[in-house]
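**Student:** The primary structure of each chain is shown beneath.
Number of protein chains: 2
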Amino acid sequence: MRDFTYHNPTKIEFGRDKEKAIGDHIAAAGVSKVLLTFGSDRIKKDGLFDTVVASLKANNIEYVELGGIVSNPLLSKVYEGVEAAKAEGVGAILSVGGGSVLDSSKAIAAGSLYDGDVWDFFIGKSVIEKALPVFDIITLAATGSEMNTYAVVTNEKTQQKFSIASPHVYPKVSVVNPELQKSVSKEYLVYSAADIIAHSIEGYFTASYHPDIIAKYIEANISTVMSTTETLLADPDDYDARGEFAWAATQALNGTTTLGVAGYSFPNHMIEHSLSALFNVAHGAGLSVIMPAWMKWYHKQNEAQFERFAKNLFGKSTAMEGIEALEQWFDKVGTPTKLSQFSIKESDIDAIVENAAANAKMFGLADTYTEDVLRTILKLAL
Amino acid sequence: MRDFTYHNPTKIEFGRDKEKAIGDHIAAAGVSKVLLTFGSDRIKKDGLFDTVVASLKANNIEYVELGGIVSNPLLSKVYEGVEAAKAEGVGAILSVGGGSVLDSSKAIAAGSLYDGDVWDFFIGKSVIEKALPVFDIITLAATGSEMNTYAVVTNEKTQQKFSIASPHVYPKVSVVNPELQKSVSKEYLVYSAADIIAHSIEGYFTASYHPDIIAKYIEANISTVMSTTETLLADPDDYDARGEFAWAATQALNGTTTLGVAGYSFPNHMIEHSLSALFNVAHGAGLSVIMPAWMKWYHKQNEAQFERFAKNLFGKSTAMEGIEALEQWFDKVGTPTKLSQFSIKESDIDAIVENAAANAKMFGLADTYTEDVLRTILKLAL
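Just so you know, the protein sequences line up as chains Y and F, in that order.
773 is the number of the first residue of the first sequence in the numbering used here; add one for each residue after it.
773 is the number of the first residue of the second sequence in the numbering used here; add one for each residue after it.
Keep in mind the hints are simulated off the structure, nothing from the lab.
Errors might be hidden in some of the hints.
To spell it out: a stretch of chain F is covered by chain Y in this simulated footprint if at least three of its residues, at any positions, have a beta carbon under 8 angstroms from a beta carbon of chain Y; those stretches are [as the list claims (entries may be wrong)]:
#1 775-787
#2 992-1002
#3 1063-1069
For every residue, glycine included, the Cβ atom is placed at its ideal position computed from N, Cα and C.
Just need the whole structure built from these sequences, with the hints factored in.
**Tutor:** This is how it looks when you write it as structure tokens:
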């Protein structure tokens, strides 16, 4: 284990009906007015919105609505939220939705207590020093945002999908009720599975030093995601599988899987962010395309870990057999593995390379991920 | 996953030299005077005490010493600490030592802000509503006390080894420096391994519902403990193995391995506490004796999980083969597996049964662990 500091202050409220007490948690924090963020109006049809509002009202908490947050959430919406939060003087952000809503809410929380442009935080021009408290009800298990410091937002003007990381945006309380997650489409379920697997493998394969115990936790998360995805495709109402899938999602990116790990990076995310930014590809779908291609390009740099992956996840012997088994599993459950499935052609690669090369600078990976390397990887994904 | 709330506010400072900043953490919490608790004078000889005091002085933090805390820590010492903390008006407890020192410190922290007898908390006569903040430098990896709500103390007058559990005694900051743990004897290393394995298997085997993902984490912890124990017996200076052993210890009892688990209990700990209370047996050594015996008595009640254990940890097929493999491993590394190794004889069993039956009431397990059952298990351990 290399040196680390770990302090994850998020309280997780996991289980059925936990959303009914969300107002109690907010009131306990001394907050009397929230910005209530969400995506589509679906939560108004399925009753979740009413449940949340009832809990707020029971605790005399006022709310201001900010709906319409989309997947690959947009900076313009974050600006709108920051403006509303400042104008209304809210004391917290309450996010009801998936990772996109929560990531936007984190950005709003930080932007609301900042005099400059919230995008400054994403481009490293400024560091987050404070943020409004964030509470959330997470309705899609994938990003792990409910228990981490990250938020990813797309600047639609510059076509940059960038991220922030700050301990100030750890959610105070996150409600994870697997029942609220069962309405997700099969498509988004498998995209989410790919996202969780991507969170798991980035450090696992790229680290210059990786403790065995952390690798074991990661393998536990990946194998849980794979088995529960198959269960849920067959029976979306399987509560136990839904719960384990949700917890694997949280664990895969709440910081526990990089403790004591040295010298790791997120190249798959880096490249995928360009697909999302340029083609509005669903993040998880983009990842299931990039991962096998990246692995084929990269595996010789860490052959032993790839052999371990092949053996422990798929019962295979060689690195390449493991990569192929993962790709076949993606195909089997129905998440894309080729750029052509997004109608992205070889002639589009230059634009992706250009965008990803800019990301590489932000990720501090420009030396490794040159335009030539990016092109090689993307061609493997055609 | 069954419903749960998880909120672990402890900050872990893991790695080399982390103890040098302990005063900074305490000062950051606004504390200017601590009760500095420790065990033997060894820390004064090896330099750790001086390091800690230097960090306190650099932060203008006064300290009052309370040394002499022993393994299976005693209530009389806790009383002494409570009295000193109250008389000196300290703002926090700083524990420098292993689980016994930290458990005593937690009890002192709670007792210092309570008007009654601190033992009230252990016998369920009163509930902990507040406690002084606890900081610690953990010099022996075993109990997981550095990141949990538990403390175990022995009342030497009543021969009761009882525990408390309260969110108010989560340490604020725990320093885990594997280098500070390498001076532990081989004897205590293997006892600690047995303790961590015991923490791991109690819920794993006794739960009425056990999520697969949590079982995988537990298996990761157990296999890490086993492999790193063997590495450390061969080379006590292996820093990486020491680090993974330490982290497995923390993870095995920081609450993460019982999340979503339903209907579990701690029968091995319950019985072992009687060995410690009556014969002052080292806790881990007592556990490695009790576990195989308890498993032989219990396994038919959860045969599938025992078969899983046998397969995933030892590559065996049957429950009994797994139990025997664990027992053989204990023998191999040199932690006791028979009561006779403590010179405890069949004629002593009645006294242990009587003590354990009283524990069973405290653990809420009196219906299952009748005197007959306890006698049966203890006879299997002869």
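**Student:** Does each hint hold? Answer for all of them.
**Tutor:** Structure-based check of each hint:
| no. | hint | result |
| --- | --- | --- |
| 1 | 775-787 | holds (count 13) |
| 2 | 992-1002 | holds (count 5) |
| 3 | 1063-1069 | violated (count 0) |
Consistency note: the structure conflicts with earlier hint 3 alone.
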